[in-house]
Amino acid sequence: MFKYKGYRGTLLRVDLSKNKLTKTPLPIELAELYIGGTGFCARILWDEVGPQTDPLGPENRLIFATGPLTGTFFPPSGRFVIAAKSPLTGIWGEAHCGGHWGPELKYAGYDLIILQGCARKPVYLNINDSSVELRDAAHLWNMNTRETTEAIRAELKDDTVEVACIGQAGERKVKFASVICDFYHAAGRSGMGAVMGSKNVKAVAVRGSGDVEVADPEGFLKVAEEAYEKVTVEWREVCEGSLGKYGTPNLVTAINEIGRLPTKNHLTGFYDNAEAIGGHILRDRYRVSRQSCLSCGIQCKYISYINNGLYKGTLTGGPEYESIMALGSNCFNEDVEAIIHANLLCNLYGLDTISTGKVISFAMECYANGIVAKRETGIDLSWGNPIGIVELIHRIAKREGFGNILADGVRAAAKCIGKGAERYAMHVKGLEISGQDGRAQQSVALTHAIGCRGADHLRSLSSLEELGFTQTLATRFGEEYVQGLQNLHSTQHKGLLVKDMEDLYAIVDSLLLCKYGTMWPPIYYFDDIAKLLPPLTGMKRYADISNIRMTAERICTLRRAFNVREGLTRSDDCLPERFLKEPMPNGPAKGMVAELEPMLEEYYQLRGWDSKTGWIPRAVLKKFGLSDVADELERLGKLP
Amino acid sequence: MPREVLLIDAEKCTGCRACELICSLCHVARFNPRRSRIRILRDYKRGEAVPTICRQCEKPACAQACPTKAIIRNQKTGAMLIDLDRCTKCEACISACQFRGVTVDPVTKYPIKCDLCGGNPICVRFCARGSIKLAFT
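Order-wise, the sequence lines are chains A and B.
All residue numbers for the first sequence refer to our numbering, where the first residue is 1 and numbers rise by one.
All residue numbers for the second sequence refer to our numbering, where the first residue is 1 and numbers rise by one.
Simulated from the structure, these hints should not be mistaken for lab results.
Quick caveat, the model's predicted, so the values are computed rather than measured.
Be aware that one or more of the hints could be misleading.
Using 20 Å as the maximum straight-line C-alpha spacing, the simulated DMTMM-like pairs for lysine to aspartate or glutamate come out as follows [to be verified]:
#1 K531/A with E234/A
#2 K245/A with D9/B
#3 K109/B with D129/A
#4 K45/B with D158/A
#5 K245/A with D115/B
#6 K45/B with D159/A
#7 K69/B with D83/B
#8 K581/A with E566/A
#9 K12/B with E240/A
#10 K245/A with E11/B
#11 K45/B with E240/A
#12 K45/B with E577/A
#13 K45/B with E32/A
#14 K540/A with E32/A
#15 K133/B with D159/A
#16 K12/B with D43/B
#17 K398/A with E422/A
#18 K157/A with E11/B
#19 K12/B with D284/A
#20 K45/B with E597/A
#21 K638/A with E582/A
#22 K515/A with E553/A
#23 K222/A with D528/A
#24 K133/B with E225/A
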């Protein structure tokens, strides 16, 4: 019996090369020091993967991790994380996913799975409580994610099996291939699907019938009930009125209103036709039902269907805000049905919608500027051409023609194309930029620049000043900080804000909780987690907020250390020139550029990192109990 | 005789399964959807969710099928309850119910079904969509 509740106490390791499956007790200190989810992954990837590891080679690890909240009632949990060294960026990679798969893994008896090695032929991992086996997947190869999920459920004669699988994109190691769970839930970013494909693993199927226990059921119910009240009553206006009614697409027009909706490959942050691809149209014309991840009080998921026209019969989950942005405004595409269909294709092939949209918009800008022509692309890539977008998705997933160049991501594609194409490659550290623009909201510039997996919103984005949660700013930072913090265009205190968000999300991503309820609306903070962790796990020391913050910083520092070991320095914490030098041409943020330097300085100072190199001093590592990490970095000459 | 049962509006159900989790917590002090008395069958591809629960039938097929007469109506709540002292785990009740209102607890192997939580069903309280109601039929 594991010392703490909330965990199942078992780690499943699958060595695919040796066809060996091992169940070992979850190390107690892993739970104590890293809680779960991204924390688990940080420690394991540090210990087992290094600069010598080829992301698509057998030595890379692919970790599927849950946290102590996974599988409980607490809203909105029900998530898990997949982590590996990313083939897209060559650094820290992680992708989170909602739905029901993560909880099912817990019910089956495992806190996490580590896949290593490479199977000689295609296989899928089949977990049914204590019974675990690798099954032949030759007949599943070349199937899309929908066909794969249905085929596995038919083969196992059980429609309740939760399936996480790759489509053709992952098989072909498209470097931004995703892993898809239950048809429409995506662990999208940083190419986890490509890592799975490189290991010849088509899917992980899970059924479980075991208990997830909590340390104090009555105490936990009380905390969960309070949480449920916050989500469904106190924050009802955002949770139900916006996220529930429209889902994330409601953000399209809201974000356009602050001039931060990526348009034409980040040329601008304002899109004239935002209404045409926004939440109202999607709800009124295409939504067929509202859905939910496990035990979520918010329930932002929905299913869309197109019943006539060119894309007749398209049935898909979403599209979510980021997909609408990437495949819509970002490509100057106002055809909402083409967006829904493109979203379906990404789900079927197993492609990250953000990176897919961004490599297409990159190609479109190159096309518009004469860097690539139709004889090379084979497709008319004029801005906003929906037919071109859809066709290019097919070719990227199949690595055909020009699609094969884009399938390696925007950084590699720009290098391959040359002729100054780098200018249009919108990425940080190799990860295509998510749906924000640092010129319109300065904290976003910092968030994108320092993101441990690259230009990412989910590790530290603040909605507090973006969506006007002024009271929350005052409560968390003090009245004297509010004026600077709430000004979207000011850099003042933004290092503090982003560092605080990154710390909070490190815990959120370890428990695991959703960003809805933590990022937007900002319901839970460290004090809520301090009330939650002791009755959940029995770890009494986490009733003290300072211990939670310590763990948060430990996780952030270790992920940074992983990247430092891979060769990252301060010069990688940057943005494409477009954000720093090209003033926003129109919209509410007209004339603004991102002023990264002062925010970076503040951020490094608060983290205690060396501002010249971006490396982590020994004293900082030691403070978080990471002296072994300091020793290794010192051996590599990477201590400041 | 009119009696109180749980009525579920399947149209409103989003398949979040919070009811399953709160049901299992309140009955066995653990989270385990397969030990819940209310069950949601999901078809996420089409965006459908079908809740299943005991209807506390006027002429309950489960009670009629039970060889040891272990399923008895509670006079206070009107719920059909299983007397575990008499139950032989033969599962005849499970086969008899056409509504999938009785399932097997995967841990104890006893049949389980909705007991209306003694008259105040917890799932009603925690259904965010308000799709579960206790009502007279």
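Hint check results:
Distance hint between K531/A and E234/A is fulfilled; the C-alpha atoms sit about 18 Å from each other, no more than 20 Å. A C-alpha spacing of about 18 Å is found between K245/A and D9/B, which places the hinted pair at or below 20 Å, so the restraint holds. Note on K109/B and D129/A: the hinted pairing holds, with a Cα-Cα distance of about 16 Å set against a maximum of 20 Å. Restraint check: the Cα-Cα separation between K45/B and D158/A comes to about 15 Å, which is no more than 20 Å; the hinted pair holds.
In summary, the hint linking K245/A to D115/B is not supported, as the alpha carbons are separated by about 33 Å, beyond the 20 Å threshold. About 12 Å separates the Cα atoms of K45/B and D159/A, which keeps this hinted pair within 20 Å; it holds. For the suggested pair K69/B and D83/B, the alpha carbons sit about 9 Å apart, so the restraint of at most 20 Å is met. The hinted pair formed by K581/A and E566/A fails the criterion: a straight-line CA distance of about 29 Å is larger than 20 Å.
Distance restraint check for K12/B and E240/A: the Cα-Cα separation of roughly 14 Å lies within the 20 Å cut-off, and the hinted pair is therefore satisfied. Between K245/A and E11/B the CA atoms are separated by roughly 15 Å; this keeps the pair inside 20 Å, and the hint holds. Between K45/B and E240/A, the direct Cα distance comes to roughly 23 Å. Violation of the 20 Å bound is thereby established for this hinted pair. Under the criterion of a C-alpha separation no larger than 20 Å, the hint pairing K45/B with E577/A is inconsistent with the structure, at around 42 Å.
Proximity of K45/B to E32/A is assessed by CA-CA distance (about 38 Å); at most 20 Å being required, the pair is judged violated. The hinted pair formed by K540/A and E32/A meets the criterion: a straight-line CA distance of about 11 Å does not exceed 20 Å. Annotation: proposed proximity of K133/B to D159/A is violated, straight-line Cα distance about 27 Å (limit 20 Å). Only pairs whose Cα atoms come within 20 Å are accepted, and K12/B paired with D43/B is accepted, the gap being roughly 14 Å.
Under the criterion of a C-alpha separation no larger than 20 Å, the hint pairing K398/A with E422/A is inconsistent with the structure, at around 24 Å. As the CA atoms of K157/A and E11/B are separated by approximately 27 Å, the hinted pair breaks the 20 Å bound. This hinted pair checks out: K12/B and D284/A have alpha carbons roughly 17 Å apart, not beyond 20 Å. A distance of roughly 47 Å separates the Cα atoms of K45/B and E597/A; the hinted pair therefore is violated under the 20 Å criterion.
Among the hinted pairs, K638/A with E582/A is inconsistent with the structure: their alpha-carbon atoms are about 34 Å apart, more than 20 Å. At most 20 Å may separate the alpha-carbon atoms for a hinted pair to count; K515/A and E553/A meet this at roughly 18 Å. The suggested pairing of K222/A with D528/A holds, with an alpha-carbon distance near 12 Å, which does not exceed 20 Å. Taking the CA atoms of K133/B and E225/A, the gap is near 19 Å; set against the 20 Å cutoff, the hint holds.
Hint check: violations occur at hints 5, 8, 11, 12, 13, 15, 17, 18, 20 and 21; the rest are consistent with the structure.
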